[in-house]
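Chemist: One line per chain: the protein sequences are A and B, in this order. Number 229 in my numbering belongs to position 229 of the first sequence; there are no gaps in the numbering. So my numbering is basically just the index in the second sequence, starting at one, shifted up by 1000.
Keep in mind the hints are simulated off the structure, nothing from the lab. The model shown is predicted, which means the values in this text are computed figures rather than measured ones. Where a beta carbon is used, it is the ideal one built from N, C-alpha and C, also for glycine. Honestly, I wouldn't trust all of these hints.
[As the list claims (entries may be wrong)] Among the chain A residues that face chain B by a calculated CB cut under 8 Å, a handful are:
| hint | residue |
| --- | --- |
| 1 | Leu19 |
| 2 | Arg122 |
| 3 | Leu219 |
| 4 | Met260 |
| 5 | Ala263 |
| 6 | Leu429 |
[Claimed, not checked] Calculated cross-link-like contacts (lysine-lysine; reagent style DSS-like; alpha-carbon spacing at most 30 Å):
| hint | chain 1 | residue 1 | chain 2 | residue 2 |
| --- | --- | --- | --- | --- |
| 7 | B | Lys1031 | A | Lys376 |
| 8 | A | Lys83 | A | Lys108 |
| 9 | B | Lys1083 | B | Lys1031 |
| 10 | A | Lys343 | B | Lys1330 |
| 11 | A | Lys330 | B | Lys1038 |
| 12 | B | Lys1061 | A | Lys38 |
| 13 | B | Lys1376 | B | Lys1343 |
| 14 | B | Lys1321 | B | Lys1376 |
| 15 | A | Lys38 | B | Lys1031 |
[Claimed, not checked] Residues from chain B shown here face chain A by an in silico Cβ test under 7 Å; the list is partial:
| hint | residue |
| --- | --- |
| 16 | Leu1231 |
| 17 | Ala1382 |
| 18 | Gly1398 |
| 19 | Gly1400 |
| 20 | Gln1433 |
In case you want the letters, here they are:
Number of protein chains: 2
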Amino acid sequence: METRSSTVSDQKSEESEPLPISEYVRELVSKAQRATRKLASLSTSTKNQALLTMAEALVAKSDELLAANERDLEAFGTTPGNKAMADRLRLTEKRIGEMAAGIREVEKLPDPVGMMSTMWTRPNGMQVGRVRVPIGVIGIIYESRPNVTADSAALCLKSGNVCVLRGGSEAIHSNTTIAGILAEASEQAGVPSGAITFVDRVDREVVPVLLKQDRFIDLIIPRGGESLMTLIAEHSTIPVIKHDAGVCHVYVDAAADASMAEAICINAKAQRPSTCNAMETLLLHQSIARTLLPKLATSLKAANVEIRGCPKTCQVLSDAKPASEQDYGKEFLDLILAVKIVKNMDEAMEHIAQYGSRHTEAIVTTDYGRAMRFLKEVDAGAVLVNASTRLNDGYQFGLGAEIGISTSRIHARGPMGLEELTCSKFIVLGSGQLRE
Amino acid sequence: METRSSTVSDQKSEESEPLPISEYVRELVSKAQRATRKLASLSTSTKNQALLTMAEALVAKSDELLAANERDLEAFGTTPGNKAMADRLRLTEKRIGEMAAGIREVEKLPDPVGMMSTMWTRPNGMQVGRVRVPIGVIGIIYESRPNVTADSAALCLKSGNVCVLRGGSEAIHSNTTIAGILAEASEQAGVPSGAITFVDRVDREVVPVLLKQDRFIDLIIPRGGESLMTLIAEHSTIPVIKHDAGVCHVYVDAAADASMAEAICINAKAQRPSTCNAMETLLLHQSIARTLLPKLATSLKAANVEIRGCPKTCQVLSDAKPASEQDYGKEFLDLILAVKIVKNMDEAMEHIAQYGSRHTEAIVTTDYGRAMRFLKEVDAGAVLVNASTRLNDGYQFGLGAEIGISTSRIHARGPMGLEELTCSKFIVLGSGQLRE
């Protein structure tokens, strides 16, 4: 490997005894913390130049990157059972190009640091405003997809935040290489060393230790499955914004346009099933099940989707596999779809409240009143009318970018863009005002 | 006591064995959780009517309230050492009137639930917007000041949130009475039972148990001292927005207007020393120390403020007590002021970075460049130029109200008003859009 990220273990020869985990983590995060003041004060043009240099370096070193990814893929293996996971892990020239393009998109976005939306004057004459400032050090703990490394580094840099990145062990070679290329390129452009910090030791004990570094890390953003979320809930003394599972539903109403419903269902399920905003359960109004379901099932089958149906679904589709109770509320992340026929929208909304993860919920209908009621009453990060759940995404929503889709209720909910990576401070321009 | 809040222990006769703490807390918070759906769907006019009824009831029952407060004050005692704390605890007719007026102010504020600041159209034609929705159940853990009970209940109700209130044991009679009056009045106006929940058992084990109820409570807002914050950091599995100590500085620059500096310092220190936004340390530029300090010291002494000075301060003020290292970074919450003479603004900003709690920081200067630099480089929830630190407050800033001053960097920082008590959901109005 030609390029390496700036990590503590670099300072040791490969022969020497590795540092104890707690010391390794402490050195890494305290170095990261030391980069905050310089990073927060960098000009927008310096940050932008660094982003362009980073994008260029990724493409220039794509051979190195593909070789590292190949090592990860070999170690991971590809059985039919983990095909979706392998798909998330795989890098190609195209995906590297997309990563670089993603970084260039971030370069074009407005710098959120220093933004002030309004300033108002109080009766006593003092002017009050709210200015966006970096959060500080953001720890990002994620699984599988190596593009998260590049996305996270670019978004944190643009928003003036130091990032401490911890990827999944299955992508360790890909991630180490990406982070190394980006850190090196950013430093060439004037970004302080430590601003892009990658945790390059795969030991399982690293994460619990990382989660206790509240003196050095201001926010943890985890992106992954249930076991990661449980680990973090148990150990973190640092504020957390979760990027948790998506158990997303599409409810096809009695008054749905049949061809629109079919197109949305195919897209929501099959366009990229391994993502958190893919549909996992289809809820279908009973009055249109017999006319819509057979045609929809044919299209789903053509897209290799396995249907697991409720008893009524199995009556309509004689070859459908019966759904078990566990199939509802399950994040398949694969070409599997649970289907349930419901009496009415109330039953659909109750099902969503009971089994959904409050991530993304959609209705297909031509009825105005039911569309408005669904929007108002369904509780989720994003609620859509007549659109695919797959559109719940920072780019698609026009935020310019996203570091993920928050399933927390605090600070940010739904797609999290650059602005959500900052916090605010109040500023007051006075002329001698006192409290009376 | 005539009025009682709706709590589990009400259901037991006073003779019977009390419930184990874990069962008591679980019953209380699960009842609170059950109130969320109805509360979230209440109309603004119902919520407003409830607030007016609550304000009226507080005033109508002020005798009952004063009697309860007297019991707390007797138990607390008043030695010179805890005079500031006793001041925070004391209720008077005037303060009860202020509490009621505070609730009526909340009634007049716009309802944040359902607010949508902008809606935008994407190139594919779908419209995307962000709607404010209640957070859910908010647990508020606080010390001393009984008005927090009324403020919190009113703000949570207006923003559609259920509150679970846990006050300090020293104010248990005052708080139980306030919460009881408010819960009863709100229910008369159509608010579901449980929406204003008060934890009426003072056992120390209650808080750790409360902090694990992440299935039922969505957010914890603690308002208190260091030991409370440590307890919460150790035990909470629920997201927390801290309302922590304020170690606030005023830096009087070389180019300060002397009479403005004096007025701001007296106000920041002495107007209400027991609050988190009172000045604790004065930083004074060396070039004006000899001219400003003697006159300022006379005014501070007239306001009964004890000065603890650095060696240079003690040279100028021969009767000043020398400051110890522990006096810097200390939240006195009393009529005590640490004073330090600094070489220049850089030394002042370094002192603030080292000893401050990032709560409220102010500069007094007529120099434009230094004012702008101080605003940009000092990291705090509020940074003020030529205004008293005491103005860092939701009412003073025009937020209409505040539930406290957040010292967290996430979700809300500085005064936290109604909008900060909500989260958002994205809504999408589509016409068949798919992800490409």
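Chemist: Evaluate each hint against the coordinates.
Modeler: Results of checking the hints against the structure:
no.	hint	verdict
1	Leu19	27 Å, violated
2	Arg122	6 Å, holds
3	Leu219	6 Å, holds
4	Met260	4 Å, holds
5	Ala263	6 Å, holds
6	Leu429	6 Å, holds
7	B:Lys1031 / A:Lys376	24 Å, holds
8	A:Lys83 / A:Lys108	35 Å, violated
9	B:Lys1083 / B:Lys1031	38 Å, violated
10	A:Lys343 / B:Lys1330	64 Å, violated
11	A:Lys330 / B:Lys1038	28 Å, holds
12	B:Lys1061 / A:Lys38	57 Å, violated
13	B:Lys1376 / B:Lys1343	20 Å, holds
14	B:Lys1321 / B:Lys1376	34 Å, violated
15	A:Lys38 / B:Lys1031	49 Å, violated
16	Leu1231	12 Å, violated
17	Ala1382	4 Å, holds
18	Gly1398	6 Å, holds
19	Gly1400	12 Å, violated
20	Gln1433	4 Å, holds
The earlier numbered hints that this structure contradicts are 1, 8, 9, 10, 12, 14, 15, 16, 19.
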